[in-house]
Amino acid sequence: MSGAEIGLALSVFLACTVEAVEALTIVLAVGATRSWSSAMSGVGAATVVLAAIVAAFGPALTSLPIDQLRVLVGGLLLIFGLQWLRKAILRSGGVKAKHDELEIFAEEREAARAAGASRPGFDGYTFTIAFKGVLLEGLEVAFIVLTFGANQHRVALAAAAAGLAVLLVAAAGAAARAPLARVPENTMKFAVGVMLSSYGMFWGAEGAGASWPGGDAALLAIIPAILASAVAMAWILRRTLHPAATAEAAGPPAEAAEPARVSA
Amino acid sequence: MTRAEAFFRGLWEFVVGDDWWTALGVVIALALTALIADAAIAAWWVMPPAVIGLLALSVRRAARDRL
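Keeping their order, the protein sequence lines are chains A and B.
If you're matching positions, the first sequence starts at 1 in the numbering used here and goes up one per residue.
If you're matching positions, the second sequence starts at 265 in the numbering used here and goes up one per residue.
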């Protein structure tokens with residue numbers, strides 16, 4: 001497997017793990033409170049829709065000429081990646097609330113109880129919430145699978161990395177029977193933002209006609225440069241908001257921040 | 265709102281999000297890269313400072329709006 005393919009698989013795996021953890025929280029909340037069978041039906045239906053999206057758009061994208069594909073997909077990936085990275089920096093800097101799966105689980109469970117008693121057999125509320133949760137979280141993964149995979153003509157590899165992440169998260173969730181609150185989601189989102197932005201910039205520029213010095217090896221400079229810039233921005237934000245705490249804090253960028261000030 | 269309008273609005277929000285300045289900046293940077301590369305001049309150097317600059321401006325705008 002080449003370095004670019006490892007980067008592809010790793011980026012998709014991390015992104016999918018993060019989204020799967022978020023979807024799992026929703027499914028666990030409605031499943032445990034109301035109906036497991038209806039929750040699983042919602043998960044299954046959403047998975048079929050997501051697979052159909054990847055299957056429909058994957059071949060269409062990979063049939064584009066390589067330069068047009070790279071500038072289009074690289075640009076989209078860069079725009080998308082910068083959104084992820086900005087949110088991760090804001091969370092790390094203490095400006096935006098971090099994802100707290102236990103809190104989200106409690107909110108979803110309360111909403112499920114407030115929706116009234118579940119019906120025996122098929123429960124429409126549970127199905128809809130599980131379906132929407134998995135579909136909405138999964139759309140971002142489908143987008144990443146398509147863009148990353150199409151650019152390298154390895155949609156199947158990207159889909160396999162996503163599938164592995166879903167299986168691992170589902171297994172961990174089934175074993176724990178609780179939200180996976182200990183998964184370092186915010187750090188993983190930071191990493192995904194860096195990878196999407198780096199690969200998006202690399203492919204976008206190549207598609208626009210530029211040649212990177214060293215070819216693919218340029219990624220070994222681009223990824224650390226984007227990471228260092230993002231860490232510096234988060235540090236500046238923290239220092240601006242909490243000057244005293246920043247002097248003492250030292251640790252991973254996205255997990256060491258002060259408590260959030262503003263809700264997501 | 266028609267279904268088509270709702271679809272395209274959803275697509276826009278999904279891809280571009282709440283910061284269209286960054287999306288516009290990416291498009292301009294890629295266009296500039298293409299123009300320079302078309303003139304047979306090395307163009308790889310356009311994107312790195314553009315991307316880091318766009319990210320810094322985007323973070324600054326978001327932080328200012330939220331505080």
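Everything labelled a hint here was simulated from the structure, so no lab data went into it.
Every residue, glycine too, gets a C-beta built ideally from N, C-alpha and C.
Among the clues, some could well be false.
Covered stretches of chain A (chain B as the covering partner; in silico rule of three or more C-beta atoms under 8 Å from a C-beta of chain B) [to be verified]:
| # | stretch |
| --- | --- |
| 1 | 26-37 |
| 2 | 90-98 |
| 3 | 102-108 |
| 4 | 168-176 |
| 5 | 195-205 |
The following residues of chain A were derived to be distant from chain B, with all beta-carbon distances above 12 Å [unchecked claim]:
| # | residue |
| --- | --- |
| 6 | Met1 |
| 7 | Leu10 |
| 8 | Ala52 |
| 9 | Ala55 |
| 10 | Gly74 |
| 11 | Lys87 |
| 12 | Ala111 |
| 13 | His153 |
| 14 | Val183 |
| 15 | Pro184 |
| 16 | Met188 |
| 17 | Gly209 |
| 18 | Ala210 |
| 19 | Gly214 |
| 20 | Ala228 |
Label pairs and their calculated CB-CB ranges [what the hints assert, rightly or not]:
| # | chain 1 | residue 1 | chain 2 | residue 2 | range |
| --- | --- | --- | --- | --- | --- |
| 21 | B | Phe272 | A | Leu64 | 16 to 24 Å |
| 22 | B | Phe272 | A | Asp67 | 38 to 46 Å |
| 23 | A | Arg239 | B | Val291 | 52 to 60 Å |
| 24 | B | Asp302 | A | Arg177 | 34 to 42 Å |
| 25 | A | Ala115 | B | Phe271 | 26 to 34 Å |
| 26 | B | Ile305 | A | Gly44 | 49 to 57 Å |
| 27 | B | Gly317 | A | Gly121 | 38 to 46 Å |
| 28 | B | Ala306 | A | Leu102 | 47 to 55 Å |
| 29 | A | Asp67 | B | Leu288 | 17 to 25 Å |
| 30 | B | Ala303 | A | Gly3 | 55 to 63 Å |
| 31 | B | Ile305 | A | Pro224 | 25 to 33 Å |
| 32 | B | Arg325 | A | Ala97 | 16 to 24 Å |
Now for the hints, and whether the structure bears them out:
| no. | hint | in the structure |
| --- | --- | --- |
| 1 | 26-37 | violated (count 0) |
| 2 | 90-98 | holds (count 4) |
| 3 | 102-108 | violated (count 0) |
| 4 | 168-176 | violated (count 0) |
| 5 | 195-205 | holds (count 4) |
| 6 | Met1 | 26 Å, holds |
| 7 | Leu10 | 20 Å, holds |
| 8 | Ala52 | 16 Å, holds |
| 9 | Ala55 | 19 Å, holds |
| 10 | Gly74 | 8 Å, violated |
| 11 | Lys87 | 8 Å, violated |
| 12 | Ala111 | 23 Å, holds |
| 13 | His153 | 21 Å, holds |
| 14 | Val183 | 24 Å, holds |
| 15 | Pro184 | 21 Å, holds |
| 16 | Met188 | 19 Å, holds |
| 17 | Gly209 | 3 Å, violated |
| 18 | Ala210 | 4 Å, violated |
| 19 | Gly214 | 10 Å, violated |
| 20 | Ala228 | 10 Å, violated |
| 21 | B/Phe272 to A/Leu64: 16 to 24 Å | 21 Å, holds |
| 22 | B/Phe272 to A/Asp67: 38 to 46 Å | 26 Å, violated |
| 23 | A/Arg239 to B/Val291: 52 to 60 Å | 32 Å, violated |
| 24 | B/Asp302 to A/Arg177: 34 to 42 Å | 59 Å, violated |
| 25 | A/Ala115 to B/Phe271: 26 to 34 Å | 28 Å, holds |
| 26 | B/Ile305 to A/Gly44: 49 to 57 Å | 54 Å, holds |
| 27 | B/Gly317 to A/Gly121: 38 to 46 Å | 57 Å, violated |
| 28 | B/Ala306 to A/Leu102: 47 to 55 Å | 51 Å, holds |
| 29 | A/Asp67 to B/Leu288: 17 to 25 Å | 22 Å, holds |
| 30 | B/Ala303 to A/Gly3: 55 to 63 Å | 31 Å, violated |
| 31 | B/Ile305 to A/Pro224: 25 to 33 Å | 26 Å, holds |
| 32 | B/Arg325 to A/Ala97: 16 to 24 Å | 18 Å, holds |
Hints 1, 3, 4, 10, 11, 17, 18, 19, 20, 22, 23, 24, 27, 30 from the earlier list are contradicted by this structure; the remaining hints agree with it.
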